[in-house]
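Novice: Chain by chain, the residues:
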Amino acid sequence: MSETATIDRDLAQRFAPLFDELGRDAAERERERRLPYAEVEALRQAGFTRVTLPRRYGGEEATHGGLFELLAELARRDPNLAQLFRSHFSYIDRTLHAPASADREARLARLADGAIVGNASHERSTAKVGSLATRLTETPGGLRLNGTKFYSTGTLFADLVGVAAEQDGEFVSVLVETDATGVERIDDWTGFGQRLTGSGTTVFTEVAVDASAVTRREPERPSHGGAFVQLVLLAAVTGIGRAIVDDAGVFVRTRTRTYSHGAASTAQADPIVQEVVGELSAKSFAADAALAAATTALGRSSAAILGADPDLVQERIAAVEIATARAQLVILPAVLDAATALFDVGGASAVETHRALDRHWRNARTIASHNPSRFKARAIGDHVVNGTPVASWWSTGEA
Amino acid sequence: MSADDFDSFLSSIRGGAVSRETDRRLLFDEVAELKHLGFAAARVPVASGGGGLTLEQLFARLITLSAADSSLGHVWRGHILFVEALLASPDTAYREHWFARLSVGDLVGNAQSERHATAHLETVLDRDGELLTVTGTKYYTTGSIYADWIYLSALDGTDRVAVTVSAHDPGTRSVDDWDGFGQPLTGSGTTTFDRVPVDPRDLVVHSGDAAGWHRTGALQQLILLGVVAGIAQRALEDTVDYVRARRRTVGHAGEHLPREDPLVQSIVGQLSSVVHTARALVLASARTLDEPTSDPDAARSALLEVFRVQQVVLPLVLDALSRLFEVGGASAVGRSTALDRHWRNVRTIASHNPAVQRSAALGQFELNGTLPEWQAPGARHETEPVPADGEQA
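Just so you know, the protein sequences line up as chains A and B, in that order.
For the first sequence, counting from 1, position 160 maps to 160 in the working numbering; every step adds exactly one.
For the second sequence, counting from 1, position 23 maps to 23 in the working numbering; every step adds exactly one.
Hints in this document: simulated from the structure, not taken from any laboratory.
Think of the CB as a built atom: it goes at the ideal place given N, C-alpha and C, for glycine as much as any other residue.
Treat the hints with caution; some may be incorrect.
[As the list claims (entries may be wrong)] Facing chain B, according to a computed beta carbon distance under 8 Å, are these residues of chain A, among others: (1) THR266; (2) ALA269; (3) ILE272; (4) TRP361; (5) ARG374; (6) PHE375.
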């Protein structure tokens, strides 16, 4: 086993007991809409938020494969927790890929300190696709940030938030302290799934910004960031797929009522029930395999970026974009179908709200709706047929 | 019950369906209006004060009723089964005695299943001289909370009998403890009977008539499929409303509106195909079942037809209800739009009946010409079949 594989395996073993503990009341947390502040804090204390950092920043140097496996395992217990770290790990990845600078050093020091990073990128404004209504402006008193963001996943739990804004017609990313004056975080996410990700509104009103907190977005500098954030969502869905198999096993094994329609005297011995569970297991396996393939590609693009060979970087980023889009088209339908077919193990009691077995479908369906698959399928088809590159960043806006 | 009155009733209630589910506001007012419209007697002959609808016409209305409010359609399941059994009864006096009740709007709920480890009955009929009473606890008593009468199974000594008792008797109590993640307003919870008097006229010992039993089995499933077809129809209407109003798009500037996008159109087209197919299959089966037959083979064919329709319709609809979200972005998952309720409602209905198990039964029939023992009326019980696990039969 290679050194990195050993690190990843040790990490998975180390975090398993904590993940188990955090998963124990996941259904109850959702029902009561109890935001997971304590759980996020426990993960921070255990070093989870630092796993991908270099050792000298208190990290574990987890590989991309290792990180996404950890996220899938966390999602298996509670997919809200996995999703809310989406921007955090993407921010670390981006920072590690940035050229050495004092700003980079300062940012890594904050992360080493345990800081959690949220995001504020998406808007519900009527801005056209490819433009933003959030503005960073120069005033006599310094830089000021104004705007309203929605889908600010994780920001409720974060110390810092990365805000996408326009400055004089240019795209910039602004790192803002979440407790700064003028930042308001609102828990108004009303999705029927992933209810505890804090994916609500963040309002910025005349927030004072230091120039060191502003990063110009450089479209010419290649990045696999689009694939990275998409893969966090896919890891969460993959974890849901594993939870479906877990729950099917528990439900069938603990079922005492006999069926008069059944092919055997107990559900456990019933060939049809066994067949249903086998299908669920295979769907989960397909999700695992697709996730692993895409995160391997992500590791390769990261190595190329760090190696600074421009041709190789382009090639590997293109490869990870395609692998991620394809993985999405495997993972989402596999897990959504499994979330529906779970109930085919039988029994009206499976629909009782205290079991919350519907949450797998609601959570997977909600995550899947963040990036409609149809457009990805079309993009891959366009690539296969016409050689068109698969777009890296997907934006929304008015047509 | 004029079609115009029925349609204007549906228009008046459809807008409130989401908030009724969210607030868990039971459908007492809506059921009362339907009773007033004569829905309870829709199948009763015109000469006896009813609406005289064919079974296919009734199912067409059940589908549109379920589209307006899925729980409101489901509530009538026990009632429809009761009325269909009544229409087939050779006992004229019994029929007329019930036609009179139905014609004033009385609703009959049902109470079959019990919550034990096995499918035996613990509800008993007691005889104290001339006085008959029934005592027991039933679960999955869909519709009983709204009912005037409740039809239930009980043991008379060792015989399985069916009795119909007043839902308004002080000994009858229906509780809204239904805890499913779907169909929240069906009142499919517990009903208890504590020495509730039974009119001897309403005690029925089934004849073990195979044809009648097959027809009942077919109707039990077909009613649920009618509700499912209605939910699918509503999901299509909601999806069309959502896409038409939508301006946000995914991708790059200059792309067209969602309603003009071929990828979005394709998803809506798939959903539309499922909706129309489900409706056509349900109505075709209703047509087959319209005339009760005394030929057991013909009745069994009709039963198998419904089972086959169930195998096709349930997965098609569930799949379409999951995929409809592909028409839009994250705003489609909002709880105010509540597009998830369609999946939750159909998933709940589909879980009440182990349709997956029936695929093996159908295969057994095709391969070996036999059906599992649960299919054989009168083989072990001279009366009714044992209700399957969790069935709201």
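Novice: Determine for every hint whether it applies to the structure shown.
Specialist: Evaluated hints:
The criterion of a C-beta within 8 Å of any C-beta in chain B is not met by THR266/A, whose closest approach is roughly 10 Å, and the hint is violated. Residue-level restraint check for ALA269/A is violated (minimum Cβ-Cβ distance to chain B is 13 Å; threshold 8 Å). The restraint placing ILE272/A at the interface with chain B holds, with a minimum CB-CB distance near 6 Å, inside the 8 Å limit. Look at TRP361/A: its Cβ gets to within about 6 Å of chain B, closer than 8 Å, so that hint holds up.
At about 4 Å, the closest approach between the beta carbon of ARG374/A and any beta carbon in chain B falls short of 8 Å, and the interface hint on this residue holds. The closest approach between the C-beta of PHE375/A and any C-beta of chain B is roughly 5 Å, which is under the 8 Å cut-off, so the hint is satisfied.
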